[in-house]
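A.B. asks: Residue numbers (my numbering), protein chains in the order written: chain A, 1 to 658; chain B, 1 to 658.
Since the hints were derived computationally from the structure, they do not count as laboratory data.
Check before you lean on any hint, since a few could be wrong.
Here are the computed distance ranges between Cβ atoms for each label pair [stated by the list, open to error]:
no.	chain 1	residue 1	chain 2	residue 2	range
1	A	Pro-269	B	Phe-638	37 to 47 Å
2	A	Glu-72	B	Ala-519	33 to 43 Å
3	B	Leu-465	A	Val-502	46 to 56 Å
4	A	Glu-542	B	Leu-408	32 to 42 Å
Only some residues are given here: those of chain A computed to face chain B with a beta carbon under 7 Å [said to hold, decoys possible]:
no.	residue
5	Ala-62
6	Asp-191
7	Ile-548
8	Ser-605
Backbone N, C-alpha and C fix where the C-beta goes; we use that ideal spot for every residue, glycine too.
So you can see what is in the structure, the chains are spelled out below.
Protein chains: 2
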Amino acid sequence: MGGSAAAGKSVDGGGRAAQRVPVPEARPFLDTFRANLKETFFPDDPFRAVVRERGFGRRAAAALRYFFPFLEWAPAYRLGTFKSDLIAGITIASLAIPQGISYAKLANLPPILGLYSSSVPPLVYAMMGSSKDLAVGTVAVASLLIASMLGAEVSATENPALYLHLAFTATFFAGVIQASLGILRLGFIVDFLSHAAIVGFMGGAATVACLQQLKGMLGLEHFTTSTDLVSVMRSVFSQTHQWRWESVVLGCGFLFFLLVTRFFSKRQPRFFWVSAAAPLTSVILGSLLVYFTHAENHGVQIIGNLKKGLNPISVINLQFTPPYMMLALKTGLITGVIALAEGIAVGRSFAMFKNYHIDGNKEMIAIGTMNILGSFTSCYLTTGPFSRSAVNYNAGCKTAMSNVVMSLAVMVTLLFLTPLFHYTPLVVLSAIIMSAMLGLIDFPAAVHLWHVDKVDFCVCAGAYLGVVFGSVEMGLVVAVAISVLRVLLFVARPRTTVLGNVPDTNVYRRMDQYTTARAVPGVLVPRVDSPIYFANSGYLRERFTRWIDEDDERTSAKGETGVQYVVLDMGAVGSIDTSGTSMLDELKKTLDRRGIQIVLANPGSEIMKKLDSSKVLELIGHEWIFPTVGEAVAECDFVLHSHKPGMVADGASHENMV
Amino acid sequence: MGGSAAAGKSVDGGGRAAQRVPVPEARPFLDTFRANLKETFFPDDPFRAVVRERGFGRRAAAALRYFFPFLEWAPAYRLGTFKSDLIAGITIASLAIPQGISYAKLANLPPILGLYSSSVPPLVYAMMGSSKDLAVGTVAVASLLIASMLGAEVSATENPALYLHLAFTATFFAGVIQASLGILRLGFIVDFLSHAAIVGFMGGAATVACLQQLKGMLGLEHFTTSTDLVSVMRSVFSQTHQWRWESVVLGCGFLFFLLVTRFFSKRQPRFFWVSAAAPLTSVILGSLLVYFTHAENHGVQIIGNLKKGLNPISVINLQFTPPYMMLALKTGLITGVIALAEGIAVGRSFAMFKNYHIDGNKEMIAIGTMNILGSFTSCYLTTGPFSRSAVNYNAGCKTAMSNVVMSLAVMVTLLFLTPLFHYTPLVVLSAIIMSAMLGLIDFPAAVHLWHVDKVDFCVCAGAYLGVVFGSVEMGLVVAVAISVLRVLLFVARPRTTVLGNVPDTNVYRRMDQYTTARAVPGVLVPRVDSPIYFANSGYLRERFTRWIDEDDERTSAKGETGVQYVVLDMGAVGSIDTSGTSMLDELKKTLDRRGIQIVLANPGSEIMKKLDSSKVLELIGHEWIFPTVGEAVAECDFVLHSHKPGMVADGASHENMV
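Whenever a hint applies, use it, and build me the whole structure from the sequences.
C.D. replies: This is how it looks when you write it as structure tokens:
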């Protein structure tokens, strides 16, 4: 978008030199298209490192290093680094084991799947991922969504084999979609879920997960399949005589223990490992308690038998036949995108803390591949949960090797230690889930939203209520719809202001912000703070017309002459489309009929190009386009004062003048 | 949004006065909310006339006059006006009769419905509508959509009664939705279909309607139910032996006649009535031809018996029971919004030609009521078609009375003249439809789009191809999706530029447009041309970081010192949300780590409020916020040059200085 020759000058009838705004040379469409494509999809120029190399062999090696970052950090690996990663890995493994089993139950899947999902995916991530702090694992929200969406059509209790295979298929589709978004560099789509919507949605999902645990905590046999608050409350309170005091006591006790350790670790950050070790401790304590009191004969449900051995291959179990394939595809699409959003956000946050850079699209390919390979090895949807990554970070991880350590620890558990979980009571898992979920409900963030931007607070509240009173999918739809609607409203009703002159200067400022700015008699200076295109051109045309009408009413009441010049400040108009140029065309004709001259100030190069090719530039006249508002108003003022008052009302005389 | 006290000055350590940017007083949330609500939904302040009156009786009368505009123009009606309206009314009636019958066949409805639909709805519009030029009638696109959507589930040939009742029900729902959009003042939703998308969609629908007529023109018995080009061509060319030469000759003959008259009227605008009278002439000629040659016995299909009498009441026939109610609702929603978009566009265009104003939302209520009452009286979906309104305008209509005249003419036809259409061959109706449709394919508009904005051309082409090769609904979905995607992309990838100083001035201009502008050493001046919020804050943060990196690479290659100040020009940033303020927060911290000071220039009042309430203002420091880029760079320059080169690399010394 190069400029043309230096801004030319033109002399008008009054003999004053006026600086012209240059119209840029037309660049071939392909050039502009390629530049825009690059800016949209490759703004961070990721292949710079590859392109810089010479020769095919070196380029291939650079490309391989690009897609498999471990080839960069592995050769430089030192023992000291390994010590840090070992500690971090053991710490997150102690969290992964109880959390994995718990979340698998949340997804109505066999508990062993939680362990499988912490063994293979972390290895894939360690090879392909860019973040040094992200710890791979399953997440509560995705588990909840899987239970909710698959459970709507296939019952986990009546048809467990099909349900399981659909979960793998959904994970496969999720991985494919995630990797595709990364390859097609459509990562910016994930940006469209605003932070406010995510806070509300996550809070709502966490609340729902807690409500689900009431079944385990109260030891109820029959429970509603719906997730919303009303159904759950009705289910709980209509069965008060069925509550088992053993479950309640045990559950509340462990929940209290977990909450206390979490609170303590928050107050004393040096003791972060206390809350990290608490879940595994609860599991061990609970198992011992049940073992010695034989509580499983008193109605306390336990995990029971967990198969020994590593992940079985599940690629043959993927369901690609209708009618269930569409269900798996839909589930995979939704859970995949949500899990991706969390993983990317986590990766970026820690990269910013530690001041290194990660390529969002490359991360998506890594996470997608992780899930595809996971679906082949009996794992379900994984990503980088924030809580686990935070523990990883606090435990001092240095590279993604911590994920490898965690994976090995979990594999050891799978091979030798699964009998230890036989007597673990389910209430302990419920308590673990509840304590983790309470951490996801980010009340301070919601309060902050209320103070800073009340519309964002409404977005947050809408998403939360949608999940809690409707369903998880409904809450997600509400969150996305409100986010997109907000974007559309931003552009459909752009901010417009009128500028006024700061006395004794030729500076023009917004009159609603700078109280010293004064309007110039006979000249209206509106300013639009957004691109002008189809979504707002109709509104803007009516807005301008209304301004002129209001100004006319005001000045005729005072007996002054009305507006004769409209100086449109285009400084903030980033781009304009054909609806926008038509609108300016119509506005020009409307103002001509009223005897008002339209003037444009400070249009950008893109605007000038469009005005030129749509002939609006010709219509308005290049001499009525100025680089600044000051020069434009000075010209109008000059014209206004060099005519007798009687002549200025005639639109024709304006056009003959220059 | 009032400003605080006049912009204060502060004196920094260097002794230079710096003008501060004022932070506006906090207004109560409800005030701002109410103002925003008014601006979004009532930008044109429509109830000004009502509120101005005093007393309940006068206000009630004013409100009645607002909703029933005929109460305003009817008392002032003169005989001269009536003469113009009479001529216009007769002219459009001569068009309404053949077009009504044709379009009803397009919708697979009994032809008499076309006449019913031109008798009651125009009366309603004359009472409630604001446009003086709009002529009410059925439209080809809506008829096509009705056939396509209802026909997918209910066959018009096997179940005509149900099909008919569903058409009425769909019209009812369309009317309800249209009136609701008007009452809730959601009219701006209609703006979201960009002009380019409409050109493409209408062109595609017109092409499909022409293709459908091949059945009538070739006299085929069996024809595909699909509307796409491939299916139609296959159906046509697989039955070449079934083509009836009588139909082909007759059809081509009349089509040629209609096209010639249309072409002639275009060249000689004074003879507009020639092309307006041509359809009715064709009908009469065709009927006579068939009557005298008894061509109906030679395989030429004719209309047959048309019932005499006015519209039967159909309110009892409306289908509100599942499963068909949802079908009618969906059809009504889609056809209603499309018909509304056309009617509003037509009303606005003519209002602009003739320089009067119409309230879009009030028009929607009028059109909605027209359809609701129409569904009670055996009419199907009507709106204000452009072609008929153009004829009305050319024929010299003065008020909506022309619609009343047309309605009376059609009623007379219904009561006495229907037997005249008994022998009308269907090929004549096909020829009428084809000639009208060829007028809807706006090739010049598409060429104009190609020249002005190639992305808009792609939108247009996408919508066209979607309709022609997919289906009408698919084309509509493509058109809406591309339009919304374009809006989202506009905001997700905003224009960003770097400003440079025009030598010997303190003016800063875009370096890519003004070739004389030069970069200031040590100071980077980026500018964002859009609001900063969740959809683009991630992109912007990476963009800024990349600019700084590129600048560092360039300057280190030359051996100069890198960027020490980033002066962000916020002049075009209309608004900012919590994601935006978080981004600035992160950017500040990232730049601090690199020893770069961030400075803000020219933030608006809205921005200042958000920066203040999110504490980012405190973080950056109010002394680093300036009203213009010039003042900001001057301050940085001053600081840069009053330090020895060795000191400026230390970020800490910057913070201690002011």
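A.B. asks: Confirm or reject each hint.
C.D. replies: Hints, one by one, checked against the model:
1. Taking the beta carbon of each, Pro-269/A and Phe-638/B are about 42 Å apart, inside 37 to 47 Å as hinted.
2. One distance hint, 33 to 43 Å for the beta-carbon pair Glu-72/A and Ala-519/B, holds here, with the actual separation near 34 Å.
3. Separated by about 54 Å at the C-beta atoms, Leu-465/B and Val-502/A satisfy the suggested range of 46 to 56 Å.
4. Between Glu-542/A and Leu-408/B the beta carbon distance is about 35 Å. The supplied range of 32 to 42 Å therefore holds.
5. With 7 Å as the threshold, the beta carbon of Ala-62/A stays out of range of chain B, its nearest partner Cβ sitting at about 19 Å, so the hint is violated.
6. A least Cβ separation of about 5 Å between Asp-191/A and chain B falls short of the 7 Å threshold, and the interface hint therefore holds.
7. Hint on Ile-548/A is violated. Least Cβ distance to chain B is approximately 12 Å, over the 7 Å limit.
8. Given the 7 Å rule on beta carbons, the hint for Ser-605/A holds: about 4 Å separates it from the nearest Cβ of chain B.
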